[in-house]
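Residue numbers (the working numbering), protein chains in the order written: chain F, 1353 to 1618; chain E, 9 to 517.
There is no bait here: all hints are sound.
Computed cross-link-like contacts, SDA-like style, restricted to lysine to any residue with a CA-CA straight-line distance of at most 25 Å: (1) 1530(F) x 1437(F); (2) 1468(F) x 1496(F); (3) 227(E) x 1462(F); (4) 1468(F) x 325(E); (5) 1468(F) x 229(E); (6) 296(E) x 1465(F); (7) 296(E) x 1475(F); (8) 260(E) x 470(E); (9) 137(E) x 473(E); (10) 1530(F) x 1431(F); (11) 296(E) x 1564(F); (12) 296(E) x 1481(F); (13) 296(E) x 1463(F); (14) 1530(F) x 502(E); (15) 1530(F) x 1515(F); (16) 227(E) x 1475(F); (17) 100(E) x 149(E); (18) 1443(F) x 1432(F); (19) 137(E) x 470(E); (20) 1468(F) x 1455(F); (21) 1530(F) x 509(E).
If you are wondering where the hints come from, they were derived from the structure by calculation, not from laboratory data. Here the structure is a predicted model, which means the values were calculated and not measured.
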Amino acid sequence: MGVFRFSRKQLCIPYAVFLLCFVAAPLLVIIYYAFTNGEGNFTLDNLTGFFTSPYTIGTLAYSFAIAAVTTCVCLLLAYPIAYILARSQWKRKSVIVVMFVLPMWINFTLRITALKEILTVIEGNLAFHPFLNTVVGMTYDFLPFMILPMYTTLLKLDKSLLEAAADLGAGPFQVFGKVTLPLSVPGIISGVVMVFLPSMTNYVVLDMLYNSTYIMGSLIGSFFSAYDWHNGSMIALILLLIILVFTLVTDRYTEEDAGSRGGALL
Amino acid sequence: MRNKKIGRIFVLSLALSLLAAVGGFPPVREEMGHVLAKDDVTTLRVCNWEEYIDLGDWDEEELIELDNGVEILGVNALYEEFEDWYYETYGKRVQVEYSCFGTNEDLYNQLTLGDTYDLVCPSDYMIMKLMAQGALEPYSEEFFDGDNEENYYRRCVSPYIAQVFAENQINGESWERYAAGYMWGVTGVLYNPELMTREEASTWAVFDNPDFYRQITLKDNVRDTYFSTLGYLLQDRLMDSAFVNDPDYSRKLGEMMNDVSPETIQAVEELLAGIMGNIYALETDSGKADMVTGKIIANYQWSGDAVFAMDQAEEDGVYLEFAVPRECTNLWFDGWVMLRDGIGGDPDKKQAAEAFVNFLSRPENAVRNMYYIGYTSAISGGEDDTVFSYLNWCYGAEEEGEEQDQAVAYPVGYFFSGNSEDEDYVVYTRPEQVGRQLYSQYPSQEIISRAAVMRYFDEEETHNINQMWINIRCLDVREIPLWCVLLILCILAALAASVILHKKNHYYG
Chain F
1353 MGVFRFSRKQ LCIPYAVFLL CFVAAPLLVI IYYAFTNGEG NFTLDNLTGF FTSPYTIGTL
1413 AYSFAIAAVT TCVCLLLAYP IAYILARSQW KRKSVIVVMF VLPMWINFTL RITALKEILT
1473 VIEGNLAFHP FLNTVVGMTY DFLPFMILPM YTTLLKLDKS LLEAAADLGA GPFQVFGKVT
1533 LPLSVPGIIS GVVMVFLPSM TNYVVLDMLY NSTYIMGSLI GSFFSAYDWH NGSMIALILL
1593 LIILVFTLVT DRYTEEDAGS RGGALL
Chain E
9 MRNKKIGRIF VLSLALSLLA AVGGFPPVRE EMGHVLAKDD VTTLRVCNWE EYIDLGDWDE
69 EELIELDNGV EILGVNALYE EFEDWYYETY GKRVQVEYSC FGTNEDLYNQ LTLGDTYDLV
129 CPSDYMIMKL MAQGALEPYS EEFFDGDNEE NYYRRCVSPY IAQVFAENQI NGESWERYAA
189 GYMWGVTGVL YNPELMTREE ASTWAVFDNP DFYRQITLKD NVRDTYFSTL GYLLQDRLMD
249 SAFVNDPDYS RKLGEMMNDV SPETIQAVEE LLAGIMGNIY ALETDSGKAD MVTGKIIANY
309 QWSGDAVFAM DQAEEDGVYL EFAVPRECTN LWFDGWVMLR DGIGGDPDKK QAAEAFVNFL
369 SRPENAVRNM YYIGYTSAIS GGEDDTVFSY LNWCYGAEEE GEEQDQAVAY PVGYFFSGNS
429 EDEDYVVYTR PEQVGRQLYS QYPSQEIISR AAVMRYFDEE ETHNINQMWI NIRCLDVREI
489 PLWCVLLILC ILAALAASVI LHKKNHYYG
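Chain F extracted, bound-state conformation (with noise of 0.2 Å):
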């Protein structure tokens, strides 16, 4: 009688035909129209047309500006939060946490529309900073992504290396600096790439904060917007690479980190 045995391979398929119909499969859609034009033929032209535009690598340096100042403001505001709270001794520390995850519960639109307001009571009129805004638009909408990891991280740490290091007679600043921060990096490096590639392409918060300067995501549907299947496929493959190459050498990072740099200090 029928008693139902999966194997591990097995199990794995839900998650395989997922991913052939919603990662896969688009993605090959988006390779295909990059590299045709109108007719159907195969061309460059969209990959070069990219590199020679002065707008489009304009929108590119802007969306990374964007990304590397929001980026910045999080982790500094995100890790003296994260580390007070990992090393605090207090027993309810787990609701700060949640205080700082809870925003995320609140769908982000509402919470800019809210911040719009905010904005414009502080500075009077929104359209005379609009890279501030979006600035601390995005910050508000990824400070969250930015406190976890390093939280965590920081929870992690063996505390018993932070004595050692004073035992052997580091200063506070000393400890800080040469055990507690080397050994975070993982945790700054996973909350750095939560930040910064999503805020390459949330034009959400630059439309709803009256930024009218295009990033790349709405770069991207403006070509859509006018039947353009071709350049706008080319510009989301250009940030899929893009962001692929960030992966590999943040992943190369914190391997070494986590190995040799940890084995080195023991």
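Take the given structure of chain F and dock chain E to it, following the hints.
Quick look at chain E alone, frame taken from chain F:
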């Protein structure tokens, strides 16, 4: 008028989805199918703009009692009531599958990606594009038979709209064979009269006026922005009295405002780049709310949305006005067209689609739509004076006392009978209405005379105009100052150096 509804729609949809969740909803639908054999039910797939039809569920006190004795109350969504009406009138069952689209481009993309609908409601230029591609099914001869009682569209459409639809042609065929008008309007400037004069608002140059630095929004939409900037660019020629009095004025105006030659696009781009430095931002939907909260004091607006915004602002104690620029204005339409792929030669389907248009064109249904969505219906009512009575009900001055003495005459004859001098169609209204809702909902004859329809652009023109838009919206890499580039390079170099040094110390130190 709509914001009260939204709450109710929300509650209703919540209740409906709950109902559907517990399984009460689907069986009702199925029952209908069981009573009749499946073949007897025609399915009509309709796709319309969001919030662009009366969804019913009005409060009792919202009952509209018109002077001509007609009482109007929206009970159910119009497309649901259509199913019953169709059965009563033709003895056949129809089931409407109603869905919505967000922009004309979205609809077009949906169609090219293989979604099929039978009846859709795009705007003028998209109708032209679909017509030019041969994607549309023409209306039947019977649809235009004015003797047939049920042909409400033919009998009730405004003579003005009918004329525009007859005059505009694509490849030698006029629109009227393929499209039935639904809503229409003009574009202009919605402004706060306390902070801007009517004189200042009545020109496309307002967006470049340094007195309102960073206080006005334009639409995040290349066609609208192109039109307003072109109107500003050609200001002197458009206002020239020799041009205005030219017997061929209307046609020439249309040509000028549809000029998308590379030189014109270039000139518009240069002008628009300057305007972008003066306006508050580009917006799609936030403009109405931003007027009320005082973030901005004017914005580019479609007349229908302007009516809605003025109504809504009034509830918050803010009085807004609408001005149509003196240079020219963009006359736009949304119309019902049948898709060849959807209808697929099925006569039942075609009949149902035409009946749907006729049902929406019944004067009381046109009034329900106008009340609900704030836009202006293309229906004037023909012999039936329900629509005109509704106009009086909305905007007419009290017929006694002070209001009567102050009332001003506002002729709308051009729309209702084709003759602007027609004394039967004059609204006696409160003086302030002349710059407000009535004026937006039914622009005066004088405004209509300087209105131009914006046609669709072919592939190359679309590409050029879109490239112009990208140039405006994107940061030009050549504009990044040198010190900025150098600074970034220094930071990157410092970062790389620190990583490399760190590693060296690490392994060999």
